[in-house]
Structure formats: structure tokens, C-alpha cells
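Going letter by letter, the sequence shown gives residues -21 to -1, 1 to 638 in mature numbering (1 follows the signal peptide of the UniProt record, and there is no 0).
Worth flagging that the hints you see were computed from the coordinates, not collected in a lab. Remember, predicted model here, so these are calculated numbers, not experimental data. Possibly wrong hints are sitting among the right ones.
Per label pair, the in silico range of CB-to-CB distance [to be verified]: (1) Ala402 x Thr207: 51 to 59 Å; (2) Lys304 x Asp609: 54 to 62 Å; (3) Asn626 x Thr443: 49 to 57 Å; (4) Ala629 x Thr186: 34 to 42 Å; (5) Ala402 x Asp609: 52 to 60 Å; (6) Lys376 x Glu532: 21 to 29 Å; (7) Glu86 x Ala629: 23 to 31 Å; (8) Val540 x Glu407: 42 to 50 Å; (9) Lys153 x Thr299: 26 to 34 Å; (10) Glu407 x His636: 53 to 61 Å; (11) Asp525 x Lys617: 40 to 48 Å; (12) Gly69 x Asp525: 25 to 33 Å.
Idealized CB from N, CA, C, for every residue including glycine.
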Amino acid sequence: MKTRKVLALAGVTLLAAGVLAACSGGSATKGEQTFAFTYETDPDNLNYLTTGKAATADITSNVIDGLLENDKYGNLIPSMAEDWSVSKDGLTYTYKIRQDAKWYTSEGEEYAPVKAQDFVTGLKYATDKKSEALYLVQDSIKGLDAYAKGESKDFSQVGIKAIDDQTVQYTLNKPESFWNSKTTMGVLAPVNEEFLNSKGDDFAKATDPSSILYNGPYLLKSIVTKSTVEFAKNPNYWDKDNVHIDKVKLSFWDGQDTSKPAENFKDGSLSAARLYPTSASFAELEKEMKDNIVYTQQDSTTYVVGTNIDRQSYKYTSKTSEEQKTSTKKALLNKDFRQAIAFGFDRTAYASQLNGQNGASKILRNIFVPPTFVQADGKSFGDMVKEKLVTYGDEWKDVNLADAQDGLYNPEKAKAEFAKAKAALQAEGVTFPIHLDMPVDQTATTKVQRVQSMKQSLEATLGTDNVIIDIQQLQKDEVLNVTLFAQTAAGEDWDLSDNVGWGPDFSDPSTYLDIIKPSVGENTRTYLGFDSGKDNEAAKKVGLNDYDKMVNEAGEETTDVTKRYNKYAEAQAWLTDSALVIPTTSRTGRPILSKMVPFTLPFSFAGNKGTSDPLRYKYLELQDKAVTADEYQKAQDKWMKEKEESNKKAQEELAKHVK
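Generate coordinates for the entire structure from the input sequences, incorporating the hints supplied.
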């Protein structure tokens, strides 16, 4: 879906497992604890049931609980559901709602019990309102697709039932071994029908905490646009003993002064801070606090450069003629041209604008689905993809798809691919140089530097007589409106865009690869500039119908995980060879200063309840002094060993839920 999930390119968020903890009174172990940090994008609503925006989910995932959540080892554990079972055929999931689950107002007053019917109401509302996240479950739950398309008017025929007040049951179309990981997402969350009806169109208004009810660990107390977001611990929450932070305060930051977070960390305003190695003050800071600079682990969010293969708007452009517009369109439809961009783009230089030269490699990513996201038959997903990719041509034989290194940058390959593209395009009447518009937030220093770096490496490799990157420096809101927040493909006003990324919704490769299916993908416009489901001519020209078929065939394999992952690896290999979506970096893997106790946060590579970035405040613990790199490494080593054992036990427990 677009939930958490389509993310604006990070430039200012303090992106890390364990960022930004502060404590009033100067102690993390005494008195009231306050967690203070920054945010960069205001939510346009609080509607956790329908939104596809990270800016909303970052807030609502801390105040709304679904059926399950993640522990610190990535295991799914009870939340609103205290227990669950699955039928032997894998089609029916039954959840028992805990008796002590309650709804509260933003003032902490009890409103009503959380009941099974609330989950039914939530899904019906999400479907009726055409939730941006609906694709996540539309083909999964029996009868939901027909209802969503209007082929059925009776929601009671959909495979979700409130058996009684404490029992909700889902019936699926086919087995999904990863179904439970979907229950952490907002589209499957509950809502109280009486409250929903009382609010009408005022339900979940962006700046009104009283416009939603709360059943999670925190209450939203206030939102002031481009200023602050404040939370308070829910004192009556069923699991309040695992909520250690009393208050949370987020402060808006536009990213212009990249030395500010570290300064605020040192003066006590923040007790963790994202560091910017390219800032003028970093060398001095490194000398002063080098033992406390910690590089976090890479996460599963993948940032990309998208290619607009069917651009319709030209409000923000440097093109001066229709001929230039037509030439650019034809060039982006040519695979060799796109591969020249992929091979000619120096990602290490690009990443160093954010992470510095020493840390640049720590965030690099080469394929859309992270190479270690899933494993089967002793192979990582990346290994499976490599086996398929080499069959596409010699250019892929020596490519390394592992994280934390640039396996794609190769100027000689770029020149060779461009030579093939230029010959073919000239035969079509294309004139050179090709002008490529890239929008960027002019107030975010590192974002501008990254785009400038990409421009420099591509123009140096391919020559300005062949390709020119025209950087469009815009206001932040303008950039968001023509990329992340564009409502239709007609609003996607760019040729290349590095302004979005994707974080997975659930633990299966389909969570990445489904989103750009030309038939029903929810984010084809965000990444590729066309609306899905409309038989787009550009999509057909670049072969996306073949991709659609590959992804569909992979999804139909429901019994053999190894076969399923190999089929998805085939689709990822096609996507990589197509160079339609060019991966750049992960969201984490970046340097921080922090007083957060390492590895106390919930963890998962997927879903809304176990991600370490954006942060989930439940379970988080603080310490008085800044974490040292040595402390962090020891904690990580310990966590890795414990995680392996915990995950093994959790897998053994799964068999007990089959009834």
C-alpha cells in the first residue's frame, strides 16, 4: 500500500533505531520521562484506516493498536487479540479480543470497550472510502474484491465476521503464511461505529486529536502545523507497564541547519540526534564525541530514483520546446537509456552527501526488495535474484547485489548502453541532449547536495551533449504536491525523482513488487508516472505487462515458499534489468548520538508495529548517558544471538495455533 509506506526522501528525519530520547530533569531513570525529537512532514489527516502516507502512520501507529504487534526480536505477539488460531487449510483466522481492551478519548476518558465488531466496522469503512491501503487485503479476504468493485452490495458476504463481542474471524481466498504480519497495518485496525458516525466528515481531521479514539499506548494531545506534535502516555492502557516514556514531543525542522541536531543533543534539548557528516561542524564534533557516534543497522526501507515514463505536466521544467518534451519521453521508454542512467549514477558519491565519505557505503542498496528480506532453501533473496539476472545479458554477470556497497555504478557499461540507446533513438527522430527534470526541496541542504551529486556523475559519464539533469529547486510543499501527494499521474511533474521510498507492509516480497503492477498497483504513478488499471500505453511499451504476469504467477504459489520466492526473484530480476526503478539507499545505517538503551525498541522489517524507523515509542527505554559505539556493538551482538533463539521458538509455537 502507500501506507507507512510511500515515504518522502529522508533529509531531516532523525532516521535510526533509537533516535531522540530526552528526559526532563536530566535523568532517564527518575521522574517523568519525555521523549523529544524532530519530524519533517505534517500529516494531511489522522485517518489510519484510509491513509497511504507515512506522515499519518508515524503518528497513528503509536496511538492505535491492531490485533498483533512485534516484540524486540521481530516476533508477532498479542495486542488487541490475546490469542488466535488458524484452520488447517490456512484459510480461516480466528482472534480472541482481550477483555481489558478499551477505547479512550484524547483526554484519556474511557469511551467504550474494543469489540470484535469494531474490526468489521473498520474494514467496511476502509473499503467504502476506497482506502489507499485497500490493495493490501482486497485480494486476500474472501468476497472483499467483489464488494470493493461494487459487484456485491452486501458487506455481510465479505470474509470478516464478529462471532461474538470477543471473537473476530477472517476467511481468506487462499493461504497466506504472512497474513498475521498484515494485522499490524492500519487498514485492518478497529474503529468504534458510534464514534465514527458522530464525527461524520470531521473524523480523523489532521490537526484535531479529539477527532479519533485511542486504544494504544499513547494519546495524541496536540498538532500544530510545521511546529509541534505532542503525545502523552495512556494511563489506562492495558499494557501500560511496557510503556516507559511519559510524554513525546516532536518539533518540526526544515533541515537547513544540519549542525543543529548535534548541538541540541549536547545542550540537552534532544538526547539523540541524527548526524550530518557533510556539515561544517562535523569534524570538530567527531573529535569531541567520536566514541559516541553510532551507525545504526540498515532497515528494509528502500529509497529509489523513479522514472516518469508518461509525463503529462510541465509546470516545473527547463524544457523550452515540444521537441525536447517528446525526446525525453522517448528516451525514458528506451531500456538501454535507462540502464545508462542506472550504471552511470555514482551512488557512493550520492550517499556521501548525507553520510559522509566514511559512512556512504553503510546505506547503499542495489535492488528494490532488500537482498536479505527473506530466505529459502539456504539462499537469500538477493542470491536468488542474481541467478535470474545474469540471464538477461553480460552486463549483469559481475554485478554484486548485496547491501552496503555500490554494485551498479560502472561508467564503461553506462557509455556502452547509452551508445546503443542513442543509435536507436536518433533513428526515431530524437534530438540530444536529453533534458531530465528532477525536483528537489530547496530548503533541505543534503537533498540538494544529493541531486547535484547525481547530476555531476551522470553528466560526467554520459556527457552534457547527451544528457542534462535540470534540477528544479522548489519549496518543500511544491515538491510534495508533484511527487508524494500527487492525486493522479497528471500531477506527477518530473522526469526523474528521488523523493520517495518504500517500506514493506508485511513479510513477503509481494509487499514491494505488487505496488507497481500496471494492472492494480497503488504506486505506479509515484514511481513511474502513470495510473494503474487504465491499460497505459507507456507501460505496455516498456514491458510492464510481462512484469505484471510474473508477479501474479508468484502470488499464486501459496504452498511452496521456495518456489514462491524464486518466482518473485524472477520478477525482481526483470525489474532490475528494466532500470525503471533505480534503488539508491536504505533509510537507516546512519550516524547518531543517542541516550536510547540499544535494542529495546520493537523490531520488524515489515508492518506498522515493529519498525525502528519511524519510531514506535512503546517498549523504548532511556539511559542517562550517551550510548558509546562499543556499548551499541555489544548490545547488537547480544541481540542477534537472542533473536535467533527467540525466532526459532516462535516458529515452533506457530504449530500450536493450527486448529
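Evaluated hints:
1. Ala402 x Thr207: 51 to 59 Å: holds (57 Å)
2. Lys304 x Asp609: 54 to 62 Å: Cβ of Lys304 to Cβ of Asp609: about 56 Å, so the range 54 to 62 Å holds.
3. Asn626 x Thr443: 49 to 57 Å: holds (52 Å)
4. Ala629 x Thr186: 34 to 42 Å: holds (40 Å)
5. Ala402 x Asp609: 52 to 60 Å: Cβ of Ala402 to Cβ of Asp609: about 56 Å, so the range 52 to 60 Å holds.
6. Lys376 x Glu532: 21 to 29 Å: Holds, since Lys376 and Glu532 (Cβ atoms, about 26 Å apart) stay within the stated range.
7. Glu86 x Ala629: 23 to 31 Å: violated (38 Å)
8. Val540 x Glu407: 42 to 50 Å: The hint (42 to 50 Å, Cβ to Cβ) holds, given that Val540 and Glu407 are roughly 44 Å apart.
9. Lys153 x Thr299: 26 to 34 Å: violated (53 Å)
10. Glu407 x His636: 53 to 61 Å: holds (58 Å)
11. Asp525 x Lys617: 40 to 48 Å: holds (46 Å)
12. Gly69 x Asp525: 25 to 33 Å: Check passed, 30 Å falls within 25 to 33 Å.
Of the numbered hints listed earlier, those contradicted by the structure are 7, 9.
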